[in-house]
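Participant: Chain residues, written in single-letter form:
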Amino acid sequence: MSSVIEQIEQQIANLQTKAVASNTGKILKIGDGVAKIDGLSEVMYNEMIAFPGGTIGIALNLEEDEVGAVVLGESNHLKQGDEVKCTGTLLSVPVGNGLLGRVVDALGQPVDGKGAIESTETYPVERIAPGIIERKSVDQPLMTGIQAIDSMIPIGRGQRELIIGDRGTGKTTIAIDTIINQANINKVGIASGDPDFRPVYSIYVAIGQKNSNVARTLGVLEEKGALEYTIIVSAPAADAAANQYIAPYTGAAIGEWFMANGMDALIVYDDLSKHAAAYRQMSLILKRPSGREAYPGDVFYLHSRLLERSARVSKDHGNGSLTALPIIETLAGDLAAYIPTNVISITDGQIFLETDLFNQGIRPAVSVGLSVSRVGSAAQQKATKQVAGKIKLELAQFRELAAFAQFGSDLDAKTKAQLDRGARIVELFKQPAFNPIPIEQQVGVLWAMQNNVFDDIDVSKMVAAANSLRDFLSSRKEALLTSIREKAKIDDDLTAQLKAAVEEWKPTFA
Amino acid sequence: MTQNKQIKQFAKQLLKMSVEGGDLSADRVDGVLKALDKNPPRHHIAVLKAYLKLVEREVAKSTAIISHAGVIGARSVELISKQLSAKYGRSIVPITREDPSLIAGLRVVVDCDVYDSSISNVLSTLESSLS
Chain A
1 MSSVIEQIEQ QIANLQTKAV ASNTGKILKI GDGVAKIDGL SEVMYNEMIA
51 FPGGTIGIAL NLEEDEVGAV VLGESNHLKQ GDEVKCTGTL LSVPVGNGLL
101 GRVVDALGQP VDGKGAIEST ETYPVERIAP GIIERKSVDQ PLMTGIQAID
151 SMIPIGRGQR ELIIGDRGTG KTTIAIDTII NQANINKVGI ASGDPDFRPV
201 YSIYVAIGQK NSNVARTLGV LEEKGALEYT IIVSAPAADA AANQYIAPYT
251 GAAIGEWFMA NGMDALIVYD DLSKHAAAYR QMSLILKRPS GREAYPGDVF
301 YLHSRLLERS ARVSKDHGNG SLTALPIIET LAGDLAAYIP TNVISITDGQ
351 IFLETDLFNQ GIRPAVSVGL SVSRVGSAAQ QKATKQVAGK IKLELAQFRE
401 LAAFAQFGSD LDAKTKAQLD RGARIVELFK QPAFNPIPIE QQVGVLWAMQ
451 NNVFDDIDVS KMVAAANSLR DFLSSRKEAL LTSIREKAKI DDDLTAQLKA
501 AVEEWKPTFA
Chain B
1 MTQNKQIKQF AKQLLKMSVE GGDLSADRVD GVLKALDKNP PRHHIAVLKA
51 YLKLVEREVA KSTAIISHAG VIGARSVELI SKQLSAKYGR SIVPITREDP
101 SLIAGLRVVV DCDVYDSSIS NVLSTLESSL S
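Which chain is which? The protein sequence lines are A and B, in order.
Residues 1 to 510, numbered by my numbering, are exactly what the first sequence covers, in order.
Residues 1 to 131, numbered by my numbering, are exactly what the second sequence covers, in order.
Accuracy of the hints is not assured; some may be wrong.
[What the hints assert, rightly or not] Here are the simulated EDC-like pairs of lysine to aspartate or glutamate, each with C-alpha atoms no more than 16 Å apart in a straight line:
#, chain 1, residue 1, chain 2, residue 2
1, A, K26, A, D112
2, B, K5, A, E66
3, B, K53, A, E66
4, B, K53, B, D111
5, B, K5, A, D105
6, A, K85, B, E56
7, A, K36, A, E66
8, A, K26, B, E78
9, B, K8, A, E63
10, B, K5, A, E64
11, B, K12, A, E64
12, A, K136, A, E9
13, A, K85, B, D113
14, A, K136, A, E308
15, A, K26, B, D23
16, B, K12, A, D316
17, B, K8, A, E64
18, B, K61, A, E42
19, A, K26, B, D111
20, B, K49, A, D65
Hints are computed from structural coordinates only; laboratory data are not their basis.
All values derive from a computational prediction rather than experimental measurement.
Throw the hints in and build the complete structure from the sequences for me.
Facilitator: Written out as structure tokens, the structure reads:
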């Protein structure tokens, strides 16, 4: 009990006894999480404002007569005439390793009931992205564990790769798979004791989602043992628009800490369509002029300043990276809508998921023709390049030929062979959700595909054959897989070993 | 231009006419009010309300409201006024108000700026730091 008294005495002693100067204002009107304030003559743009009852807000509209501010959190207790104060600081959130395995809200406060977060450092939510001098080119791979992506649309550390598609096409699944794969790689890498191994920590930002969806994601990550390497920032649909607006920036600030401290991080923004809608809501209430689709004029800047913060920085500036996987939901596959085109132009490529492919059972429903990675090929492992170099072209040709083949039955032998090969590749890339495949297994199977090992197997049995080969390699040829992982390229020795392994496997698959 | 903007602009012009040598002049304000009464503009009440708001803001800029709990000497008030005038570079007129809710100490308000050395402020800071 005496320690508590001492603590309070200490606190009183610390308090200043001289006059405290503050710049204040009064609430003129408040509603829908937005307050119009008279006064605050010295407030800065994006400055934190203290409302009564410990509530905070952000000054967003600095007008001639009044200040427009968004209230973060509950605003029901605020009323006209209440005094507000400038704080002189920008909104900051706790960062660091202490957040791993935790679920936090848009202000970095824990919402998972696991107690306080152990963190001594804070980072500002809004920050200028690294400049040209600080950056380094993207040349290290980030494996998603999804064969279709790792082989055809490779992603590098520090890249921004958009995941875009209609609702229910598996956008979130791709992001979660990638997070799970990072955890799997981290476990193997840390266990190997390799001093050069760089783990990838993941941040999943849920914007405007149902709480049940966030809980399901959390459950999957926990079940797959990926939560210990992951931080979830949650601003669900029930949260105020201001919280949904700030959540991705909070996630970026958390990710920047890893980047600035020589670590690699992956951040998933799920999704930026809802983020733009939340910003539109806020802007309309703030009476900002609206433009196309009622979005404010700075909606491009909203996403560009967020995604520019993902980078790979040089040794002198932190030697880390922040890879971003923003998600955009399209309506009826319309890629030419306002927000999709904006984010496509900001990012370094996109993975487009097609509803038709999804409904045909081709999952992940990656559209090869419309998906691209602009910088990832420089970061792709040599082994993957060796075995998957031509696959994208073959698959794209197959899709085109398949469309023509519908009109006639008389096809020449070459076309038939191309169609047959394409059908096999499509089957090979089918992969169940939350089941990322290690890169060495991918290389093994793709090598078999490249060397026509599956040609005499019925197309309907391709998935089973690929699974069987993977099981065979992981259970019987562990040394070979380790060599592929460590060498990261296929030399003559590995080719011979792969050939022998495949020949050994073939009779086991009936 | 919206009606609201026109009213605000007109009120600003009226305020400009009410200022003499950088300070608000009571005589000029009186003159403006008489002129408005003689030739009422469109949206007379709205114009007057906007004008009142601007005048209030202008008055607040040159007024120090000194709230105090207990007694405050004339010398202290003069000193506060002098120091604030020097800080803001304009003449600051002190107005004293007794406020027992402060418990002890002073609270001086000049426009948006608040200088608080009251016990109630110390206690509320303590309360927020403990919560």
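Participant: With reference to the structure, classify each hint as holding or not holding.
Facilitator: Now the hints, each set against the structure:
no. : hint             : result
1   : K26/A to D112/A  : violated (35 Å)
2   : K5/B to E66/A    : holds (14 Å)
3   : K53/B to E66/A   : holds (12 Å)
4   : K53/B to D111/B  : holds (13 Å)
5   : K5/B to D105/A   : violated (40 Å)
6   : K85/A to E56/B   : violated (20 Å)
7   : K36/A to E66/A   : holds (6 Å)
8   : K26/A to E78/B   : violated (28 Å)
9   : K8/B to E63/A    : holds (13 Å)
10  : K5/B to E64/A    : holds (12 Å)
11  : K12/B to E64/A   : holds (12 Å)
12  : K136/A to E9/A   : violated (52 Å)
13  : K85/A to D113/B  : holds (10 Å)
14  : K136/A to E308/A : holds (14 Å)
15  : K26/A to D23/B   : violated (25 Å)
16  : K12/B to D316/A  : violated (54 Å)
17  : K8/B to E64/A    : holds (11 Å)
18  : K61/B to E42/A   : holds (14 Å)
19  : K26/A to D111/B  : holds (11 Å)
20  : K49/B to D65/A   : holds (14 Å)
Hints 1, 5, 6, 8, 12, 15, 16, counting from the list given before, are not met by this structure.
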